[in-house]
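Number of protein chains: 2
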Amino acid sequence: MCDDTQLRLLGLGDGPLPKTRPVYRHIAQAIERGITTGALALDFRLPAERDLAGALKVSRTTIVSAYRDLETRGLVRGYVGRGTFVSAAPEASGAPFAWRGKVAAAASRSSDGAIRDLLRHAADPSVVSVAAGSPALEGFPVDAYRRSMDRAIKRDVRLAFGHGPTEGLPVLREAIAHRFGGQPHNVLVLAGAQQGLDLLARCLVDPGDTVVVDRPGYLGALHTFNAAGARLVGWDVMRHDLDELEDLITRYRPKLIYTNPTFQNPTGWTMPLKLRRQLLSLASRLRVPIIEDDTYRELFLNTPPPPSLHSMDTQSVVIHLNTFSKALAPGLRLGWLSAAPPIIEQLALLKQRSDPHMPNLNQMIVAEMIVDGTFDRNLADLRTEHRRRRDAMIGALERHGAAGKLQWTVPDGGLYLWCRLSGRLKASQVQTHALAESVAFVRGEAFYVDQAGERELRICYSSVPANRADDVANRIMRAVNGAKRDLATPSQLVAIV
Amino acid sequence: MCDDTQLRLLGLGDGPLPKTRPVYRHIAQAIERGITTGALALDFRLPAERDLAGALKVSRTTIVSAYRDLETRGLVRGYVGRGTFVSAAPEASGAPFAWRGKVAAAASRSSDGAIRDLLRHAADPSVVSVAAGSPALEGFPVDAYRRSMDRAIKRDVRLAFGHGPTEGLPVLREAIAHRFGGQPHNVLVLAGAQQGLDLLARCLVDPGDTVVVDRPGYLGALHTFNAAGARLVGWDVMRHDLDELEDLITRYRPKLIYTNPTFQNPTGWTMPLKLRRQLLSLASRLRVPIIEDDTYRELFLNTPPPPSLHSMDTQSVVIHLNTFSKALAPGLRLGWLSAAPPIIEQLALLKQRSDPHMPNLNQMIVAEMIVDGTFDRNLADLRTEHRRRRDAMIGALERHGAAGKLQWTVPDGGLYLWCRLSGRLKASQVQTHALAESVAFVRGEAFYVDQAGERELRICYSSVPANRADDVANRIMRAVNGAKRDLATPSQLVAIV
Numbered sequence: 002m003c004d005d006t007q008l009r010l011l012g013l014g015d016g017p018l019p020k021t022r023p024v025y026r027h028i029a030q031a032i033e034r035g036i037t038t039g040a041l042a043l044d045f046r047l048p049a050e051r052d053l054a055g056a057l058k059v060s061r062t063t064i065v066s067a068y069r070d071l072e073t074r075g076l077v078r079g080y081v082g083r084g085t086f087v088s089a090a091p092e093a094s095g096a097p098f099a100w101r102g103k104v105a106a107a108a109s110r111s112s113d114g115a116i117r118d119l120l121r122h123a124a125d126p127s128v129v130s131v132a133a134g135s136p137a138l139e140g141f142p143v144d145a146y147r148r149s150m151d152r153a154i155k156r157d158v159r160l161a162f163g164h165g166p167t168e169g170l171p172v173l174r175e176a177i178a179h180r181f182g183g184q185p186h187n188v189l190v191l192a193g194a195q196q197g198l199d200l201l202a203r204c205l206v207d208p209g210d211t212v213v214v215d216r217p218g219y220l221g222a223l224h225t226f227n228a229a230g231a232r233l234v235g236w237d238v239m240r241h242d243l244d245e246l247e248d249l250i251t252r253y254r255p256k257l258i259y260t261n262p263t264f265q266n267p268t269g270w271t272m273p274l275k276l277r278r279q280l281l282s283l284a285s286r287l288r289v290p291i292i293e294d295d296t297y298r299e300l301f302l303n304t305p306p307p308p309s310l311h312s313m314d315t316q317s318v319v320i321h322l323n324t325f326s327k328a329l330a331p332g333l334r335l336g337w338l339s340a341a342p343p344i345i346e347q348l349a350l351l352k353q354r355s356d357p358h359m360p361n362l363n364q365m366i367v368a369e370m371i372v373d374g375t376f377d378r379n380l381a382d383l384r385t386e387h388r389r390r391r392d393a394m395i396g397a398l399e400r401h402g403a404a405g406k407l408q409w410t411v412p413d414g415g416l417y418l419w420c421r422l423s424g425r426l427k428a429s430q431v432q433t434h435a436l437a438e439s440v441a442f443v444r445g446e447a448f449y450v451d452q453a454g455e456r457e458l459r460i461c462y463s464s465v466p467a468n469r470a471d472d473v474a475n476r477i478m479r480a481v482n483g484a485k486r487d488l489a490t491p492s493q494l495v496a497i498v
Numbered sequence: 002m003c004d005d006t007q008l009r010l011l012g013l014g015d016g017p018l019p020k021t022r023p024v025y026r027h028i029a030q031a032i033e034r035g036i037t038t039g040a041l042a043l044d045f046r047l048p049a050e051r052d053l054a055g056a057l058k059v060s061r062t063t064i065v066s067a068y069r070d071l072e073t074r075g076l077v078r079g080y081v082g083r084g085t086f087v088s089a090a091p092e093a094s095g096a097p098f099a100w101r102g103k104v105a106a107a108a109s110r111s112s113d114g115a116i117r118d119l120l121r122h123a124a125d126p127s128v129v130s131v132a133a134g135s136p137a138l139e140g141f142p143v144d145a146y147r148r149s150m151d152r153a154i155k156r157d158v159r160l161a162f163g164h165g166p167t168e169g170l171p172v173l174r175e176a177i178a179h180r181f182g183g184q185p186h187n188v189l190v191l192a193g194a195q196q197g198l199d200l201l202a203r204c205l206v207d208p209g210d211t212v213v214v215d216r217p218g219y220l221g222a223l224h225t226f227n228a229a230g231a232r233l234v235g236w237d238v239m240r241h242d243l244d245e246l247e248d249l250i251t252r253y254r255p256k257l258i259y260t261n262p263t264f265q266n267p268t269g270w271t272m273p274l275k276l277r278r279q280l281l282s283l284a285s286r287l288r289v290p291i292i293e294d295d296t297y298r299e300l301f302l303n304t305p306p307p308p309s310l311h312s313m314d315t316q317s318v319v320i321h322l323n324t325f326s327k328a329l330a331p332g333l334r335l336g337w338l339s340a341a342p343p344i345i346e347q348l349a350l351l352k353q354r355s356d357p358h359m360p361n362l363n364q365m366i367v368a369e370m371i372v373d374g375t376f377d378r379n380l381a382d383l384r385t386e387h388r389r390r391r392d393a394m395i396g397a398l399e400r401h402g403a404a405g406k407l408q409w410t411v412p413d414g415g416l417y418l419w420c421r422l423s424g425r426l427k428a429s430q431v432q433t434h435a436l437a438e439s440v441a442f443v444r445g446e447a448f449y450v451d452q453a454g455e456r457e458l459r460i461c462y463s464s465v466p467a468n469r470a471d472d473v474a475n476r477i478m479r480a481v482n483g484a485k486r487d488l489a490t491p492s493q494l495v496a497i498v
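For the protein sequence lines, the chains are F and B, in the order given.
Going by this note's numbering, the first sequence wraps up at 498, each residue one higher than the last.
Going by this note's numbering, the second sequence wraps up at 498, each residue one higher than the last.
It is possible that some hints are incorrect.
Each pair may be met inside one copy or between any two copies, as identical chains are not told apart.
What the hints assert, rightly or not - Result set (EDC-like, lysine to aspartate or glutamate): computed pairs, CA atoms no more than 20 Å apart in a straight line: (1) K155 / D144; (2) K155 / D237; (3) K427 / E446; (4) K275 / D4; (5) K58 / D5; (6) K427 / D4; (7) K155 / E72; (8) K155 / E139; (9) K58 / D248; (10) K58 / D207; (11) K155 / D125; (12) K155 / D392.
Everything labelled a hint here was simulated from the structure, so no lab data went into it.
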């Protein structure tokens with residue numbers, strides 16, 4: 002339906018159409034004027050082509066041409082089955098190109114900047130960040146890194162700075178298989194676990210597919226599957242109820258299960274051996290692939306965790322994701338994935354589209370550091386240092402009055418302290434004060450697919466040297482106390498003050 | 002329609018359905034048996050649910066359950082509006098998980114392994130490759146690289162090995178803006194130009210959108226836009242007819258134009274200044290954004306090329322892509338993109354999904370090499386060396402009898418010799434012989450969207466040291482001569498011999 006009121010709104014209600022220029026141009030210009038003046042707001046839905054054609058007594062082709070003209074200029078966008086919507090105002094002179102209207106439908110699902118903001122804070126010297134997950138870097142084996150680099154360059158400068166295979170350099174694939182299990186041809190070298198998630202989402206998830214994820218679970222995974230158009234269903238990791246999972250699978254027929262069963266991000270929880278066996282058997286029986294994110298396995302603080310799902314899997318049902326970001330350094334941007342050959346093949350084809358191969362020199366250096374034992378010596382140092390940092394952070398939080406305000410379970414691996422606020426306090430309220438204290442953490446909501454987690458927050462203890470824990474804990478507790486005071490104060494009063 | 006013949010083919014034609022187990026399981030198992038034995042081949046279309054339900058006299062829900070069961074196990078896949086197809090055979094025991102059937106519809110568009118194969122050859126010591134594009138690497142400024150690295154680590158080890166912002170480290174964005182023009186906030190640091198193409202395709206191209214590309218044009222770009230579901234239309238770069246382009250735009254309403262106007266890959270052609278002005282004005286008038294791939298700009302062999310489209314653009318209609326892969330080293334995996342801020346913002350959100358940031362240390366090193374002049378000194382050396390290699394390759398091809406068999410235009414920039422075979426000879430026929438000679442080039446077809454180019458081939462001269470040009474040219478001409486002899490020989494004879 003398109004009545005006179007609507008025609009007037011479109012700027013097309015005043016008299017007959019002109020005969021001197023193409024009618025479609027006249028219509029397009031009238032609508033453009035409406036967009037420019039703001040009469041037609043962003044997301045305003047234009048009349049259906051058929052209806053507008055009827056109301057103006059022109060052919061439908063004329064309206065199609067007018068809408069196309071507007072679409073070409075980025076001012077409107079048509080969506081099959083939904084209609085045509087105003088997508089951008091013409092920009093002010095000097096930047097006349099309405100770029101926003103050109104953005105593809107799938108890309109606009111990527112509007113969550115959580116990871117980017119994490120990284121921005123992590124690199125901002127004016128903010129004390131316990132948001133991004135980073136191991137201790139102060140003891141990074143710089144000399145070994147430099148020696149490995151020199152050897153690599155001396156061995157083959159053309160290889161070091163030249164092209165390499167998409168799957169990864171053989172020397173690194175072999176070192177990974179030897180150190181972490183599996184065969185070199187099952188290994189795909191990546192720019193980090195996040196790239197693996199993105200490739201897997203692109204490879205396996207069609208829009209509308211269901212994916213079962215940890216609840217709470219790694220925010221980057223939730224974000225990536227979301228952006229792929231998946232419907233996310235959370236499996237409660239702390240309750241670890243296998244019947245619940247079987248129900249979820251039967252009910253939603255998920256395309257895959259994403260889980261981080263070892264020193265889980267964010268909770269620090271580790272799945273017991275028996276449950277690992279049961280989960281594997283359930284997934285094999287119901288034929289649902291598992292993506293096992295094993296990022297934190299090596300970062301135990303007391304005893305090594307149970308074996309990975311991947312190492313127990315006899316049915317090739319598990320894809321294993323790992324990274325050097327936490328067990329060595331995030332700045333290296335190297336990770337890997339182990340899977341059955343048909344999946345490695347398909348993922349390599351997808352990877353070459355965006356990122357044909359990882360830097361060869363970086364791969365050669367890391368391979369060398371694994372083979373010559375630097376990687377494992379550094380890991381042992383990291384475990385000691387992380388234990389010290391965990392205890393320092395917990396001690397400092399307690400000294401600054403966390404009791405009765407902030408609770409946690411002491412983690413025995415991973416990089417995080419997963420905290421729960423007492424009473425009615427929300428992490429978002431604490432965050433407002435934290436920004437004033439120049440300290441950044443991650444709010445619990447980011448880890449849930451269902452708007453839960455508002456009283457939880459994640460602190461990365463491993464990135465804070467022990468001698469700085471006191472300052473960080475002090476800022477955090479000042480933020481908690483500030484938020485508590487707001488709660489106690491009637492909000493009108495706050496507004497006046 | 003589903004008749005008796007089809008029921009028999011499905012293994013469901015022999016008598017009444019059993020009463021002892023769920024009917025849907027019986028149906029699923031019958032179809033699975035058919036898939037296992039090969040009676041139902043890959044891509045076989047199962048009857049519509051409604052039809053099979055009617056033929057078997059069961060409810061449609063039963064068929065839906067049976068098909069879902071098969072789909073969950075990766076054996077069939079349903080596509081809305083098209084039907085349900087056999088997607089994989091159950092794998093042999095030991096690898097029981099039918100992964101192939103799990104691959105998403107969009108991912109299967111990525112089946113072109115051309116780039117991956119290029120890279121594989123480039124890193125394979127048993128093959129002499131003039132396929133992948135690489136600058137001379139033998140003179141890479143290793144000492145300056147090491148010195149820059151030491152300075153970066155000494156300055157800030159936590160930054161060097163830690164997290165960084167998605168858009169790139171400020172120090173590199175500033176160095177790029179200063180050296181190549183523009184402002185730091187218009188720069189997005191990438192893993193190479195290919196990542197920029199992928200991000201742009203994901204950001205701007207909806208399946209079904211048209212993209213105008215150079216004809217012939219960079220194969221990675223064709224591949225990426227193809228994989229994004231675009232319809233590709235070629236604009237003939239050698240004819241450079243602006244009326245033709247205007248026709249293409251009016252006819253196909255493309256979402257964008259991709260062009261590589263300076264020492265074009267593969268032809269070496271450079272767009273004259275006047276045509277650049279006309280192209281810009283056309284694109285602004287018709288509101289079609291241009292992606293300008295400026296990868297080879299710095300690699301002129303005689304005189305500098307005309308200014309980039311991007312530097313002449315007053316309407317923000319051009320997105321500029323560039324990389325350090327050709328002007329420094331491909332193994333660094335660093336490139337960048339310059340665009341209007343709304344596009345940088347959207348691309349950074351997309352990038353964080355797969356590749357949250359580039360390695361900080363590598364960024365710090367390259368920034369340092371730009372600022373201290375190493376980059377430009379190395380470029381001057383590269384130009385001299387590439388001139389020498391171009392002349393050596395051309396001389397060697399001529400000595401080995403290229404006249405009358407292989408023609409080219411001498412390039413005055415870029416890395417490639419774009420060759421045309423004489424007579425009826427096809428590059429695919431030459432390639433067969435080239436593999437026996439252990440030499441790899443790229444066939445012309447890879448650069449065309451329309452199956453043309455079968456008599457053309459691309460040789461990267463810059464990766465071959467002058468003293469090895471003779472050997473490479475000898476192998477190439479032996480392959481050409483071998484293919485010519487085949488042509489002269491009736492094919493029956495070849496089969497007998």
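Verification of the hints:
no.	hint	in the structure
1	K155 / D144	both (16 Å within a copy, 11 Å between copies)
2	K155 / D237	neither (51 Å within a copy, 45 Å between copies)
3	K427 / E446	within (10 Å within a copy, 60 Å between copies)
4	K275 / D4	neither (67 Å within a copy, 50 Å between copies)
5	K58 / D5	within (13 Å within a copy, 53 Å between copies)
6	K427 / D4	neither (48 Å within a copy, 63 Å between copies)
7	K155 / E72	neither (56 Å within a copy, 52 Å between copies)
8	K155 / E139	between (28 Å within a copy, 12 Å between copies)
9	K58 / D248	neither (56 Å within a copy, 29 Å between copies)
10	K58 / D207	neither (42 Å within a copy, 32 Å between copies)
11	K155 / D125	between (36 Å within a copy, 18 Å between copies)
12	K155 / D392	neither (43 Å within a copy, 29 Å between copies)
Checked against the numbered hints listed earlier, the structure breaks hints 2, 4, 6, 7, 9, 10 and 12; every other hint is satisfied.
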